[in-house]
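Number of protein chains: 2
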Amino acid sequence: MAKILILGAGVMGTAISFPLTDNGHIVHLVGTHLDGDIISKLQAGYPHPGLRLKVAESLKPYTHDKLAEAIEGVDLVVLGVNSHGIEWVAQALSSVLSPEIPILAVTKGLAGDGEKLSILPDVLRAGLPVKYQKDVQIAAIGGPSIAQELAARRHTCVVFTGTNQALLDKLAGLLRTNYYHVWTSTDMIGVEVCVALKNVYALAVGLVIGFLEKEGKAANGADMHNLAAAIFAQGMQETAYLVEKMGGKSHSVYSLPGTGDLYVTCQGGRNSRMGRLLGLDMLYSQAKAEYMPNDTIEGASLALAIGETVEAMVKRGDLDGEALPLLRTMIAIVCDDAPANIPWDKFFANAAKEFR
Amino acid sequence: MAKILILGAGVMGTAISFPLTDNGHIVHLVGTHLDGDIISKLQAGYPHPGLRLKVAESLKPYTHDKLAEAIEGVDLVVLGVNSHGIEWVAQALSSVLSPEIPILAVTKGLAGDGEKLSILPDVLRAGLPVKYQKDVQIAAIGGPSIAQELAARRHTCVVFTGTNQALLDKLAGLLRTNYYHVWTSTDMIGVEVCVALKNVYALAVGLVIGFLEKEGKAANGADMHNLAAAIFAQGMQETAYLVEKMGGKSHSVYSLPGTGDLYVTCQGGRNSRMGRLLGLDMLYSQAKAEYMPNDTIEGASLALAIGETVEAMVKRGDLDGEALPLLRTMIAIVCDDAPANIPWDKFFANAAKEFR
Numbered sequence: 001m002a003k004i005l006i007l008g009a010g011v012m013g014t015a016i017s018f019p020l021t022d023n024g025h026i027v028h029l030v031g032t033h034l035d036g037d038i039i040s041k042l043q044a045g046y047p048h049p050g051l052r053l054k055v056a057e058s059l060k061p062y063t064h065d066k067l068a069e070a071i072e073g074v075d076l077v078v079l080g081v082n083s084h085g086i087e088w089v090a091q092a093l094s095s096v097l098s099p100e101i102p103i104l105a106v107t108k109g110l111a112g113d114g115e116k117l118s119i120l121p122d123v124l125r126a127g128l129p130v131k132y133q134k135d136v137q138i139a140a141i142g143g144p145s146i147a148q149e150l151a152a153r154r155h156t157c158v159v160f161t162g163t164n165q166a167l168l169d170k171l172a173g174l175l176r177t178n179y180y181h182v183w184t185s186t187d188m189i190g191v192e193v194c195v196a197l198k199n200v201y202a203l204a205v206g207l208v209i210g211f212l213e214k215e216g217k218a219a220n221g222a223d224m225h226n227l228a229a230a231i232f233a234q235g236m237q238e239t240a241y242l243v244e245k246m247g248g249k250s251h252s253v254y255s256l257p258g259t260g261d262l263y264v265t266c267q268g269g270r271n272s273r274m275g276r277l278l279g280l281d282m283l284y285s286q287a288k289a290e291y292m293p294n295d296t297i298e299g300a301s302l303a304l305a306i307g308e309t310v311e312a313m314v315k316r317g318d319l320d321g322e323a324l325p326l327l328r329t330m331i332a333i334v335c336d337d338a339p340a341n342i343p344w345d346k347f348f349a350n351a352a353k354e355f356r
Numbered sequence: 001m002a003k004i005l006i007l008g009a010g011v012m013g014t015a016i017s018f019p020l021t022d023n024g025h026i027v028h029l030v031g032t033h034l035d036g037d038i039i040s041k042l043q044a045g046y047p048h049p050g051l052r053l054k055v056a057e058s059l060k061p062y063t064h065d066k067l068a069e070a071i072e073g074v075d076l077v078v079l080g081v082n083s084h085g086i087e088w089v090a091q092a093l094s095s096v097l098s099p100e101i102p103i104l105a106v107t108k109g110l111a112g113d114g115e116k117l118s119i120l121p122d123v124l125r126a127g128l129p130v131k132y133q134k135d136v137q138i139a140a141i142g143g144p145s146i147a148q149e150l151a152a153r154r155h156t157c158v159v160f161t162g163t164n165q166a167l168l169d170k171l172a173g174l175l176r177t178n179y180y181h182v183w184t185s186t187d188m189i190g191v192e193v194c195v196a197l198k199n200v201y202a203l204a205v206g207l208v209i210g211f212l213e214k215e216g217k218a219a220n221g222a223d224m225h226n227l228a229a230a231i232f233a234q235g236m237q238e239t240a241y242l243v244e245k246m247g248g249k250s251h252s253v254y255s256l257p258g259t260g261d262l263y264v265t266c267q268g269g270r271n272s273r274m275g276r277l278l279g280l281d282m283l284y285s286q287a288k289a290e291y292m293p294n295d296t297i298e299g300a301s302l303a304l305a306i307g308e309t310v311e312a313m314v315k316r317g318d319l320d321g322e323a324l325p326l327l328r329t330m331i332a333i334v335c336d337d338a339p340a341n342i343p344w345d346k347f348f349a350n351a352a353k354e355f356r
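If you're matching them up, the sequences are chains A and B in order.
According to UniProt numbering, the residues represented by the first sequence are 1 to 356, in order.
According to UniProt numbering, the residues represented by the second sequence are 1 to 356, in order.
Don't read these hints as lab results, they were simulated from the structure.
In this text the structure is predicted, and so the values were computed from the model without any measurement.
Incorrect hints may have been included.
Now the stretches of chain B that chain A is said to cover, found in silico as 3 or more residues with beta-carbon under 8 Å [unchecked claim]: (1) 50-64; (2) 82-88; (3) 236-246; (4) 282-295; (5) 302-315.
Note that the Cβ used here is the ideal one computed from N, Cα and C, for glycine as well.
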């Protein structure tokens, strides 16, 4: 039996508590400064509002100001915040974390500093006090995992990734159940690049929902699945390019972190909802302000986080712009309010090169 | 302007006529011995029953007994039959084909002879008279292409594959339109293995439709997308293994032929319908006989075509059985009426090996 702190009481952070409490571990769930309402509800014994399920009775919910108390004696910290919360988390943990407590991050994203792209575990590490940076062990979770399904104990397959195989085996042992199937991978770059990029490519696949709504079904009843599938494939191909470029393995691309996670993300959610609005010819800034002002749209967040850096890297020749036409189109749509036009001529260009 | 014969008047064979006639080519559409009704309808000016659209007025429909007349002077033969028709086609063409006429096959499948697996273009070649086998050029089409959408002139992205780049460029030039986007690839093995296997893996993803119907939504409304995505990813991973094993390139896996075509095939169709029945605990032989006696289910056809050979190759050590748990499960379901159980312990085993 272990004692585990989960930081972030949104749907994903809280869903992770289900395999943990099912395995008999003690779980302390600490909300962020934005999770006050959720923690109040859980403390009063109500279901989690996003998961629509009660957490285990053994779980202890804490507000963020009680972090120091909640973290006492824990064996593991799980990060369940979204990509915007990672800097807050680094700061919050700085005064209370011991370097021997490993961190398991559910958060997905990439960061750009104008010069290069970084995976989120590295951003987190850089945000911690210098004395921890070398010693703290950070692992991460990737793979297709809709939180509501995990919390309902429906079969979910994920990969735990990190550089220390012994730690990964230990973490997998803590969380594995007969519905939460955990594999491990030391290809941290590959996994993290895949799971971050899937959000922006799911946003791209979502465009087709809007295109179809705008044009309607064809006279013979035909939809636009061919187009959605082509965008899906272009997304995977660009993911493979960036994974390789950043030093990851292509194997992560055609397994759970890449193709599995993009598939599940295209089944609905906020990226798809925003994609639809963009496909209906709405500009990003307008769609965000009018229809989704309070939602975090991870695909758009990623475009904003790395857009400038990607373009700078293309300009310097560090990235091949021809290999990333869809990513660059999505960056233009989100960062510059460009219209949602598919760059047909530029698609699969890299494929043609590689194929020959 | 070229003169082109399409052999097979089903939905896919006929759909290919749309970009061809839009480009001003003369198209002769020859039905197989099973397409008599369709050809009669087209000759009478009615819409194609499966596509629910009229073909171009310039298109000439022929019954199969008129093949010798229809093939006279053509520059290209397009094969639009399904995998069961390939031997019939080889025989039918044997007496009328000139070896300088190239063949472009839409047909997808693999064959097993107990010893090894072969891609369909090689099966076709072997079925032609010996005097043609060396000289006739065979190319093929792969990628996400629902026939009804192509015929409705909705954006469709495909790869033409073959060993002769000049021929591929010429064929792409004949068929390319502003809605039919054609790339080329000389990785014929990779493309053909991907587009054949996608049928059996779409059948596997389809199981989840039945699982969900059987168990219903969870108390919190959760579906089973995580499970479907994991099966999708396992399918892609096994595809990558077989592509590499047969001498193809992994690049085809994470592009249009692999991930794109599997994605579109999971959006519905006969593989999904059969998958649902199997997921509802019906045995394959019963489901086929009672509910889909007259349907070709390509995923099941593939399992039947290669099942024995795959198992023999695993037994001999020519294939790693641990790398193909899902394919072998689907073979057991289709060939031996095994129940539809997911082999969780065996999933992603190869990934773990490769990742480390």
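At a Cβ distance under 8 Å, does chain A reach at least three residues of the region 50-64 of chain B?
holds (count 3)
Within 8 Å of chain A (C-beta), three or more residues of the region 236-246 of chain B
With 4 residues in contact (Cβ-Cβ under 8 Å with chain A), the coverage given for the region 236-246 of chain B holds.
Three or more residues of the region 282-295 of chain B near chain A by CB distance under 8 Å?
The restraint on the region 282-295 of chain B is violated, since only 0 of its residues have a Cβ under 8 Å from chain A and three are required.
Assertion that chain A covers the region 82-88 of chain B - criterion: three or more residues, beta-carbon distance below 8 Å
violated (count 0)
Please verify the coverage claim for the region 302-315 of chain B: does it have three or more residues whose C-beta sits within 8 Å of some C-beta in chain A?
violated (count 0)
Checked against the numbered hints given earlier, the structure breaks hints 2, 4, 5 and satisfies all the rest.
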